[in-house]
Amino acid sequence: MALDPTTVRRIATLARIRVEDNEIATLQGELNGILGWIEQLNEVDVEGIAPLTGAAAMAMAMRDDVVTDGGYPEQILANAPDRNGAFYAVPKVVE
Amino acid sequence: MMLTDLTIAQAQAGLRAKTFSAEELALAHLHAIETLNPRLNAYITVNHARAMDQARAADAALAAGQGRALTGIPLAIKDLFCTEGVRTTAGSKMLEPFVPPYESTVTAQLLRDGAVFLGKANLDEFAMGSSNMTSAFGPVENPWKRLQNADAVLVPGGSSGGSAAAVAARIAMGATGTDTGGSIRQPASFCGIAGIKPTYGRCSRWGVVAFASSLDQPGPLARTVEDCAILLESMSGYDPKDSTSANLPVPDFQAACRRGVKGLRIGVPREYRIDGMPGEIEALWRQGMDWLRDAGAEIVDVSLPHTKYGLPTYYIVAPAECSSNLARYDGVRFGLRADGGDLRDLYERTRAAGFGAEVRRRILIGTYVLSAGYYDAYYLRAQKVRALLLKDFTDVFTQVDALLVPTAPSAAFAQGENMDDPIKMYLNDAFTIPASMAGVPGMSVPAGLDADGLPLGLQIIGKPFDEETVFAVAAEIERSAGIVALPSVRAGA
Amino acid sequence: MAYTLEGSTGLWEVVVGLEVHAQIVSNAKLFSGAATAFGAEPNAQVSFIDAGFPGMLPVINSECVRQAVRAGLGLNARINPVSRFDRKNYFYADLPQGYQISQYEHPIVGAGQIEIELADGSTRQIGVTRLHLEQDAGKSLHDQHPTKTFIDLNRAGVALMEIVSEPDIRSPEEAGAYVRKLRSILRYLGACDGNMEEGSLRADVNVSVRKHGEPYRTRCEVKNVNSIRFVMQAVEAEALRQIEVWEAGGTVQQETRLYDSHRGETRSMRSKEDAHDYRYFPDPDLLPLVLDEAWIESLRAELPELPDAKKARLIAEHGLSPYDASVLVAEQSTAMFYETVAKGRDPKLAANWVTGDFFAALNRTGRTVEDSPVSARDLGGLLDLIADKTINGRIAKDVFEAMVETGRDPASIVEEKGLRQVVDTSAIEAAVQKVLDANAANVAQYKAGATKLMGFFVGQTMKAMGGKGNPALINETLQRLLS
Ligand SMILES: [Mg+2]
Ligand SMILES: [Zn+2]
Numbered sequence: 062m063a064l065d066p067t068t069v070r071r072i073a074t075l076a077r078i079r080v081e082d083n084e085i086a087t088l089q090g091e092l093n094g095i096l097g098w099i100e101q102l103n104e105v106d107v108e109g110i111a112p113l114t115g116a117a118a119m120a121m122a123m124r125d126d127v128v129t130d131g132g133y134p135e136q137i138l139a140n141a142p143d144r145n146g147a148f149y150a151v152p153k154v155v156e
Numbered sequence: 464m465m466l467t468d469l470t471i472a473q474a475q476a477g478l479r480a481k482t483f484s485a486e487e488l489a490l491a492h493l494h495a496i497e498t499l500n501p502r503l504n505a506y507i508t509v510n511h512a513r514a515m516d517q518a519r520a521a522d523a524a525l526a527a528g529q530g531r532a533l534t535g536i537p538l539a540i541k542d543l544f545c546t547e548g549v550r551t552t553a554g555s556k557m558l559e560p561f562v563p564p565y566e567s568t569v570t571a572q573l574l575r576d577g578a579v580f581l582g583k584a585n586l587d588e589f590a591m592g593s594s595n596m597t598s599a600f601g602p603v604e605n606p607w608k609r610l611q612n613a614d615a616v617l618v619p620g621g622s623s624g625g626s627a628a629a630v631a632a633r634i635a636m637g638a639t640g641t642d643t644g645g646s647i648r649q650p651a652s653f654c655g656i657a658g659i660k661p662t663y664g665r666c667s668r669w670g671v672v673a674f675a676s677s678l679d680q681p682g683p684l685a686r687t688v689e690d691c692a693i694l695l696e697s698m699s700g701y702d703p704k705d706s707t708s709a710n711l712p713v714p715d716f717q718a719a720c721r722r723g724v725k726g727l728r729i730g731v732p733r734e735y736r737i738d739g740m741p742g743e744i745e746a747l748w749r750q751g752m753d754w755l756r757d758a759g760a761e762i763v764d765v766s767l768p769h770t771k772y773g774l775p776t777y778y779i780v781a782p783a784e785c786s787s788n789l790a791r792y793d794g795v796r797f798g799l800r801a802d803g804g805d806l807r808d809l810y811e812r813t814r815a816a817g818f819g820a821e822v823r824r825r826i827l828i829g830t831y832v833l834s835a836g837y838y839d840a841y842y843l844r845a846q847k848v849r850a851l852l853l854k855d856f857t858d859v860f861t862q863v864d865a866l867l868v869p870t871a872p873s874a875a876f877a878q879g880e881n882m883d884d885p886i887k888m889y890l891n892d893a894f895t896i897p898a899s900m901a902g903v904p905g906m907s908v909p910a911g912l913d914a915d916g917l918p919l920g921l922q923i924i925g926k927p928f929d930e931e932t933v934f935a936v937a938a939e940i941e942r943s944a945g946i947v948a949l950p951s952v953r954a955g956a
Numbered sequence: 003m004a005y006t007l008e009g010s011t012g013l014w015e016v017v018v019g020l021e022v023h024a025q026i027v028s029n030a031k032l033f034s035g036a037a038t039a040f041g042a043e044p045n046a047q048v049s050f051i052d053a054g055f056p057g058m059l060p061v062i063n064s065e066c067v068r069q070a071v072r073a074g075l076g077l078n079a080r081i082n083p084v085s086r087f088d089r090k091n092y093f094y095a096d097l098p099q100g101y102q103i104s105q106y107e108h109p110i111v112g113a114g115q116i117e118i119e120l121a122d123g124s125t126r127q128i129g130v131t132r133l134h135l136e137q138d139a140g141k142s143l144h145d146q147h148p149t150k151t152f153i154d155l156n157r158a159g160v161a162l163m164e165i166v167s168e169p170d171i172r173s174p175e176e177a178g179a180y181v182r183k184l185r186s187i188l189r190y191l192g193a194c195d196g197n198m199e200e201g202s203l204r205a206d207v208n209v210s211v212r213k214h215g216e217p218y219r220t221r222c223e224v225k226n227v228n229s230i231r232f233v234m235q236a237v238e239a240e241a242l243r244q245i246e247v248w249e250a251g252g253t254v255q256q257e258t259r260l261y262d263s264h265r266g267e268t269r270s271m272r273s274k275e276d277a278h279d280y281r282y283f284p285d286p287d288l289l290p291l292v293l294d295e296a297w298i299e300s301l302r303a304e305l306p307e308l309p310d311a312k313k314a315r316l317i318a319e320h321g322l323s324p325y326d327a328s329v330l331v332a333e334q335s336t337a338m339f340y341e342t343v344a345k346g347r348d349p350k351l352a353a354n355w356v357t358g359d360f361f362a363a364l365n366r367t368g369r370t371v372e373d374s375p376v377s378a379r380d381l382g383g384l385l386d387l388i389a390d391k392t393i394n395g396r397i398a399k400d401v402f403e404a405m406v407e408t409g410r411d412p413a414s415i416v417e418e419k420g421l422r423q424v425v426d427t428s429a430i431e432a433a434v435q436k437v438l439d440a441n442a443a444n445v446a447q448y449k450a451g452a453t454k455l456m457g458f459f460v461g462q463t464m465k466a467m468g469g470k471g472n473p474a475l476i477n478e479t480l481q482r483l484l485s
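Residue numbers (our numbering), protein chains in the order written: chain B, 62 to 156; chain D, 464 to 956; chain X, 3 to 485.
Read the hints as simulated data drawn from the structure, not as lab findings.
Since the structure is predicted, the reported quantities are computational estimates derived from the model, not experimental observations.
Treat the hints with care, as some may be off.
Straight-line Cα separation of at most 27 Å, BS3-like style, residue types lysine-lysine; simulated pairs [as the list claims (entries may be wrong)]:
id, chain 1, residue 1, chain 2, residue 2
1, X, K399, X, K470
2, B, K153, X, K90
3, D, K704, X, K399
4, X, K141, D, K704
5, B, K153, D, K556
6, X, K150, B, K153
7, X, K454, X, K465
8, B, K153, X, K399
9, X, K150, D, K556
10, B, K153, X, K470
Given these sequences and hints, build the entire structure.
Here it is as structure tokens:
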């Protein structure tokens, strides 16, 4: 499943990473190299195998429904590149 | 003996005996950092004033008879652990301005036990790399030199390269690292120190900048196996803030180092004998088996049939998780923002400017393998192979107590080597990744030197939550190896 | 007669499926300890987890799980003992992590169904595909600044149940009835307050149209509709738009749209244009959610009586008409009010008073059952006064009006105004005799066969007694004296 330039652009858009036209060919080569190498997994017989998401083999613990966090808007906003009062600010979004 | 040469165990004793103060110990390290860090670049941020405050507090605690396990012990903290009020960059331009308003669980526990934080250690960007060459804050120099061609600047390994280099160069007594596919074990091997990736779930991930959540695991690096045990005891334990944290008691790891290996069955998986592995590594591995046999262990030939698929599986799972974990770096709430015409443009420019080439590559691979039409072929298949990799270990641990394998297929290489092709770089982690995929503990211990005089590590892999056996075996190898060689670049040298 | 829309090429059938997002009633958020209360200062109820800060990890709130299971049980649905959380990946300014934690492949609740009632008295079963837990996003404010959008993350991470229906709905009326019924069930359970103005309940309306007997055509999703009326309007507006597109020879594109209630039309949402590839995958920060069967059964055992069951009981045990019963059970507060009034009393009389004078009074005063000027206890007391013949039904109406006005109890109003009915037979007989004497001509006509004049004599007697005469005794006395 080799990537073409259109697919490279589509992935970059999905990932929200700007890719200049002159970077496409290099990226395409690198990504195809990696994906081609990964394809050796097709040799493995995975018939009937249940997928494994993570290595932690236990049931999930739950929290009580108690307010224990929040209430510090200044800290939430302190690292913001742009803010207006108690809001984060971004360029206007047209819905 | 210089203060910077002490092990953590020795420093604990000296501090308690008032042979020296925590302030003197911290100063010795801070001065060494001043001298060596401009060259090694092992630290991104050095906290002189804060470290001295912590050292003085340690002295006060010791004077009051309230010393704890790590009171006054100077450590380097991988700059992936969020530290309250201290900039945390993850080795990325993206987080260059980020000052966390919270302390990670692991570092909070180290502080609780009295540790002194010298500074934040350099690393591959977002922990993605095996050479520390991907850091936005520049590469780290390995303090070891080849006997021939001593001018070559070697890499410390990665991604915990700054941590490993700092400990090896004696500008930290120990360090925190994180290991996703070998990021503690491989740099430990390259820098001639010990490092353990505990069982997934042993140390809390809360407050550690995430790379691949199902694999990331904090752990210590130090110059001795016992020092690693001391640090891991402090770093471990159940954290209700991390849903994947294991609710299990923390054993006495330090005591486990003295257990010996008599009667243990040690497996040697044949699949780790790969083509093109240097003869010296093969020989060292045999030497390790002999040491353990001589100490009373039984060496057993075993098979982990899916070993060769660990690496390609990892390069689906880790990028997939990272593509999602790193979506939060969007220029809105913290970190870098590049201006754009509209929000989409802002995102795309921010992320292009903030992420380096390797991080971008992995995000793109991860985005692709999760995207519509490709999920089953890549991600789902990888998860199934991951189940087989775990089954390999589960099966083999019905026959043996631990496994002995090399840590890495080579000694430290020079900056610029292996850089032309990402896959060549990825192969560095071939021996560490299977244990990561299975979540089992793995430790690298220095076992010998190659013909160039560079350190080589052996890796002990244990059963889930049986770090004690790992420590016992690693300590045995450490004693048998009796390495006395020191890196050329180090405090006082 | 099935609902259809007429286009230039003939009749079109409307196919609707609803995704309802219901905010779970909880103190803290789904994966963080931040508060959920409505109306806080911007970003005041936000934890570092909700804001997607580096290294922050989710831990699930047990109450949200409990309420989701209860909701599932209330929808007659299968509860899945093992479910899982997935990440839905997309970029948006009010989605701090760059993904929403949701349940994609393995939801906590599987298939169920909801019975809806239509105006003509008929009922229909609407299939529920699933119910899953997920996080809400934050809020984008687009109208506060000429060039900027402001972001408030107070809602980010609040627990939602997304309840997805089968495409079984065939008209705006059915869509409205479905949401109304679902909201009623959730409110009975206390799982969601159902407040659509505050956004506690929102519907994504999936609409397509087709000619009779055709397979489904392309659907569009109208996002975040926040009132039942708008849901119904959006179905029709979107269906009409699609019919126009098809009939003009075009093709409906699958897309996300918004309902503009001012213009009464839907329009494409530009900001969501390319968000179709969500790259769902299991959230590695969370483990499978494993529920104990015994625990599920204990929740089932503790469920309150839900509207359908209550309606059936009111019909069977109280002898109410299906119509009255469904009116009374639609809101739990109404049902509780009615049941308090009816307890130990004539249930039909209670139903008549609640659906009649009581509802009329609420309407007139703009109040709700919750803040009604007349308590259920007092209305019950009024019925007792009728039953023990302290007052008659006619006077009861006046007493009730006084209760609405003053909020006082009926007994004290009756005492103060001297409204006790007269049951003294000699007093009644005297009054009747007086009326008969004064209306000799009418008496003659009555005796000649004009028996309908009885009503006239009753009215005159009651009038003479200031309305306080016992109607039964007056009747009886008249019958006797006129025979
Ligand atoms: Mg939807
Ligand atoms: Zn949803």
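Each hint, compared with the structure:
no.	hint	result
1	X:K399 <-> X:K470	12 Å, holds
2	B:K153 <-> X:K90	24 Å, holds
3	D:K704 <-> X:K399	62 Å, violated
4	X:K141 <-> D:K704	26 Å, holds
5	B:K153 <-> D:K556	26 Å, holds
6	X:K150 <-> B:K153	4 Å, holds
7	X:K454 <-> X:K465	18 Å, holds
8	B:K153 <-> X:K399	59 Å, violated
9	X:K150 <-> D:K556	25 Å, holds
10	B:K153 <-> X:K470	71 Å, violated
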